[in-house]
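Engineer: Chain by chain, the residues run as shown.
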Amino acid sequence: MIRLKGFFTGVWEFVVGDDWRSALGVVLALALTALLADAGLSAWWVMPPVVIGLLALSIRRAAKGASHRG
Amino acid sequence: MSGAEIGLVLSVFLACAVEAVEALTIVLAVGATRSWSSALSGVGAATLALAAIVAALGPTLTSLPIGVLRVIVGGLLLIFGLQWLRKAILRAAGLKARHDELQTYAQETEAARAAGAMHSGFDGYAFAISFKGVLLEGLEVAFIVLTFGANQQRVGLAAAAAALAVLLVIAGGAAARAPLARVPENTMKFAVGVMLSSFGMFWGAEGAGASWPGGDGALLAIIPGILMAALALVWTLRRATRWAAGERAVPAVPAVAREPVVLAEPAMAAEPAMAAEPPGQAAADA
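Residue numbers (the working numbering), protein chains in the order written: chain U, 53 to 122; chain R, 635 to 920.
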């Protein structure tokens, strides 16, 4: 059980890393894209601004963390 | 070779070269300090483990329906790529330590010497450190090979690009007999982050049912777009860091040195302090 937990923790840290908010944002953006596409609407435009926004927010959080440590 | 296949080869090659340079430093350190045969045995065992992972997961992934595969793998690739890109941006802006192979080599060598006396024959320390180093660095490459390769049904091409990168790094390391400190690792990681994020976004959206304008040609806009956004973030961070440094420098001026000026000419005394302030605190927080 402990080994299984360790395995999943390792996989989580490997793929998601230390910023779960970005991962959640990607999943939600893909879900919104799927909903729009399923409704027959144009959906390609969802991902680019969301990805750039997630990156900027992630960088902002990391930079704030770095300045607090520094 | 199509544009997407060129992107696959380039991304896998760069990612694999960077990780191979890091693994090479570890192997060189333990090999030169302790035992070459044990260190190389660790490399061989880790390579076999990585090959087994790719061989086991590759057919499973490629057997999935393409839509399901693209949304799952595209999403994972995008999440993974954003991690790479975030670290690369922070390094480029000076907020995270850059990789320094000479420093890593020195640390690994020191640790290998401090690990205790060597026994004759097989050296468990050299084997374990080499195995762990190659396996951990290689797992990221295996992930990229599998995701890129499976998405285009070209796992073999991705594996060939990875193998070519490893061979070139090994040849470079053998020729130099030292860590490859002059390889522009940070720039390469930045490029890989841009490619992983771009392809992940493209495939993820396609898998979710979206149709990109221009089909595969949309990548010609997506990749430069992500690159420009990442460079803009580096520029903003560097500017904010400079302003923050200037702000911190103001209190460092000895109060005694400022006092006579304030007493003599109050109007002029205000100028240095104003000039040292950042143009906008909001921008410094960005």
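Do not rely on the hints blindly, as some may be mistaken.
Straight-line Cα separation of at most 30 angstroms, DSS-like style, residue types lysine-lysine; simulated pairs [said to hold, decoys possible]:
1) Lys730/R - Lys116/U
2) Lys721/R - Lys57/U
3) Lys730/R - Lys766/R
4) Lys766/R - Lys57/U
5) Lys721/R - Lys766/R
6) Lys721/R - Lys116/U
What the hints contain is simulated information worked out from the structure, not anything from laboratory work.
Engineer: Hey, Lys730/R versus Lys766/R, does the alpha-carbon distance stay inside 30 angstroms?
Structural biologist: holds (24 angstroms)
Engineer: Between the alpha carbons of Lys721/R and Lys57/U, is the straight-line distance 30 angstroms or under?
Structural biologist: Holds - the C-alpha atoms of Lys57/U and Lys721/R are around 27 angstroms apart, at most 30 angstroms.
Engineer: For the pair we were handed, Lys766/R and Lys57/U, check the Cα-Cα distance against 30 angstroms.
Structural biologist: holds (20 angstroms)
Engineer: Holds or violated: Lys721/R with Lys766/R, Cα cutoff 30 angstroms?
Structural biologist: holds (22 angstroms)
Engineer: Tell me if the straight-line CA distance from Lys730/R to Lys116/U falls inside 30 angstroms.
Structural biologist: With a Cα-Cα distance of about 12 angstroms, the restraint between Lys730/R and Lys116/U holds, given a limit of 30 angstroms.
Engineer: Given the hinted pair Lys721/R and Lys116/U, is their alpha-carbon gap at most 30 angstroms?
Structural biologist: Between Lys721/R and Lys116/U the Cα gap is close to 14 angstroms, so the pair holds against 30 angstroms.
Consistency with the previously given hints is maintained throughout, with no hint failing.
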